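A.B. asks: Each chain sits in its own coordinate frame; assemble them with the hints.
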Amino acid sequence: MGCHYDSKFTGKEIDEALDFILNVKQWVQVWGGACGQLPVSCGVKIKDTKINPDTLDWTGYYKIITGDKNKKLTDNNPSHHKGGHGTSVNFIEVKNTANHSMGTSGGWISPNDNVEISSLDVDGLTESFHTVISQEESRTLPEFDLPPRVEGSDGVVRLDITIHEIWRYQSIHKSDLC
Amino acid sequence: MSYYESKYTGEDIDFYIDFIRTIKQWVKVWGCVEAPQTGVNFKDIKINPDTNDRTGFYKIISADDASDLTTNDPNAHKGGVGALVTHLEVCSEDNHSMGTTSGWVGPYDEVETVSTDVGGGVINVSRSSETEPHTTSGVVGQTRYQDLYIHEIWRYQTYLKSDIC
Chain G
1 MGCHYDSKFT GKEIDEALDF ILNVKQWVQV WGGACGQLPV SCGVKIKDTK
51 INPDTLDWTG YYKIITGDKN KKLTDNNPSH HKGGHGTSVN FIEVKNTANH
101 SMGTSGGWIS PNDNVEISSL DVDGLTESFH TVISQEESRT LPEFDLPPRV
151 EGSDGVVRLD ITIHEIWRYQ SIHKSDLC
Chain V
1 MSYYESKYTG EDIDFYIDFI RTIKQWVKVW GCVEAPQTGV NFKDIKINPD
51 TNDRTGFYKI ISADDASDLT TNDPNAHKGG VGALVTHLEV CSEDNHSMGT
101 TSGWVGPYDE VETVSTDVGG GVINVSRSSE TEPHTTSGVV GQTRYQDLYI
151 HEIWRYQTYL KSDIC
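These protein sequence lines map, in sequence, to chains G and V. Residues in the first sequence are numbered consecutively from 1, following our numbering. Residues in the second sequence are numbered consecutively from 1, following our numbering.
Hints listed in this document are in silico derivations from the structure and should not be mistaken for laboratory results. Fair warning: this is a prediction, and the values are worked out from it, not measured in the lab. Hints may be right or wrong, so weigh each one.
Among chain V residues calculated to face chain G with C-beta under 8 Å, some are [to be verified]:
| # | residue |
| --- | --- |
| 1 | Y4 |
| 2 | S6 |
| 3 | K7 |
| 4 | Y8 |
| 5 | I13 |
| 6 | F19 |
| 7 | I23 |
| 8 | K24 |
| 9 | L84 |
| 10 | H87 |
| 11 | L88 |
| 12 | T100 |
| 13 | T101 |
| 14 | Y156 |
Note that CB positions come from ideal geometry on N, CA and C, so glycine has one too.
If we strip away everything but chain V, and leave its shape as in the complex, we get (with noise of 0.2 Å):
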């Protein structure tokens, strides 16, 4: 056995050591084993273990369909926004938290947006604009929604404190 004199003292590595318990990264809390779909569930997500609820900065994976993201096919994807990363920031699990949006001129020289939001306690991450879109799941007034396929929610959080999913 040979000795090694650390700059470090035993203090020094203990206090480190109970920094990196609080290190947060992206970790992958829904569509690990569920398949995609429009609108997920809050209640589905585990539980965050810094904040012991769901409340939390999240990270949304969506396509216009279930198309697998990793599919080699150029024409999966097409038509709309293919494949979007988007972020929720939820401060109340009963708020209707909005995250990023993001606006594009789309075929018909409209504006179309896609915004991601917290509702009812659901996830859903939804495009808009004002002429008809391809598939719509909705008509408010002028302007036609289509929900979009969640198909990965990360979340902000320490890892060592949860099994996550």
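The shape of chain G in the complex, shown without the other chains (with noise of 0.2 Å):
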């Protein structure tokens, strides 16, 4: 048996911080990367990931990380990200699957001198985090190596990004992640 400790903590309370501990919330890697899927420039299913334990569906609050689908996240090359969009992290608070969950926007100023801007939401019908950039009407296309873009129905122009790794703020000890 080993030695005494007279902790300044009651059991009661070690006990209370324990059950506390179950809760702490970071980030995990749900999609992508460590779990094995490769990129894709498609948009992501939401219920491709585990099941959020903390709110036993798939709403949550999402870090999704995005860049050029041939280049991995982890190349020296300097010039690989250039002239686009390169590597971006962005959140998503999903409220409800088959919202139109908004995420962060952002916009950069493209090699043509063209406003291009990102925004990342969750579309209803496909219940897929699908990203991505659209342009101002008035702004001709840039003309750099991406893949085509898409014209809507309501003018504007878009191209899915790819997705490289999802990940999602919760609880991890109630998971077994992805």
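C.D. replies: Shown next as structure tokens:
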């Protein structure tokens, strides 16, 4: 039998602290990279990630890592991430998987001096993470090496950006992760 | 001395204490004593104890100028983005890793953007627009760039293994 230690905490307080620890949340990878999926540029179905152990559905707070499809995130060649959006960190709060939940949006100047805007959302019809960039109608299209853009019925030209990794802010003890 | 019958075993408690040491949180890694500056040398930041290099997930607090972020002066940080929080995922120390970008319509009805990146070993937050902004630090084509002042850099990492900044 080991030595006794007279803790300043009572046994009840220690139990309560351990109960609390079970609910501590951190960023947990739930798709791509270490989870085994390869980057895609056609959206990721939210139900391809494991269920959120805290909400018991797929609602939650997500971090999405996007970038060029054929370039590894650890690529050391700086020119590989130039000329476009490069690797980007985006956030989305999914309140309802059937909802058109919106996340962060951003803008940047492309090589042809066009202003491009990206937005992140969950498409209610396909329940997928669907990342698009859109461009103001008055601007000319950039010509650098990206997949063809699609002009929607609203006249805005869009392009899916490749999703590399998806992380969710959740407790990890209740989950077997990805 | 009184005894309390825990619902946890000693083995459980060891397991949870090991787990506590893996919990990550936001830790300030630059700007504890350093004054705000445009561009921060990546090597001036302590090694990430979780990756053994400087890759990781960063939160950057920046502003148009070096004024105290807690100032009550309503004229401070005006004319641009004000104080701004951007995020940066650094996957390789040598990579031109990009972070979050923010866009808005500026005073001249032009779209302005702020982007965060680490290029050439320097973390930089820059604002760009197609019209003349206030103070420019460089001009490329029709686009004007302005470096923002970085006030603080935080990294998402374990806390117990690090001596922080």
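A.B. asks: Each hint: holds or not?
C.D. replies: Outcome of the hint check:
1. Y4: With Cβ-Cβ at 3 Å, under 8 Å, it holds.
2. S6: Nearest chain G Cβ about 5 Å off; hint holds.
3. K7: Because about 6 Å separates K7/V from the closest Cβ in chain G, which is inside the 8 Å limit, the hint holds.
4. Y8: 6 Å, holds
5. I13: Holds: closest Cβ of chain G sits about 7 Å from I13/V, inside 8 Å.
6. F19: Hint on F19/V: holds, closest Cβ of chain G at ~7 Å, below 8 Å.
7. I23: I23/V check passes; min Cβ-Cβ to chain G is 6 Å, inside 8 Å.
8. K24: Since chain G brings a Cβ to about 5 Å from K24/V, closer than 8 Å, the hint holds.
9. L84: Cβ of L84/V sits 12 Å from chain G, so the hint is violated.
10. H87: 5 Å, holds
11. L88: 7 Å, holds
12. T100: 5 Å, holds
13. T101: Since chain G brings a Cβ to about 3 Å from T101/V, closer than 8 Å, the hint holds.
14. Y156: Holds: closest Cβ of chain G sits about 7 Å from Y156/V, inside 8 Å.
Of the numbered hints listed earlier, the single one contradicted by the structure is hint 9.
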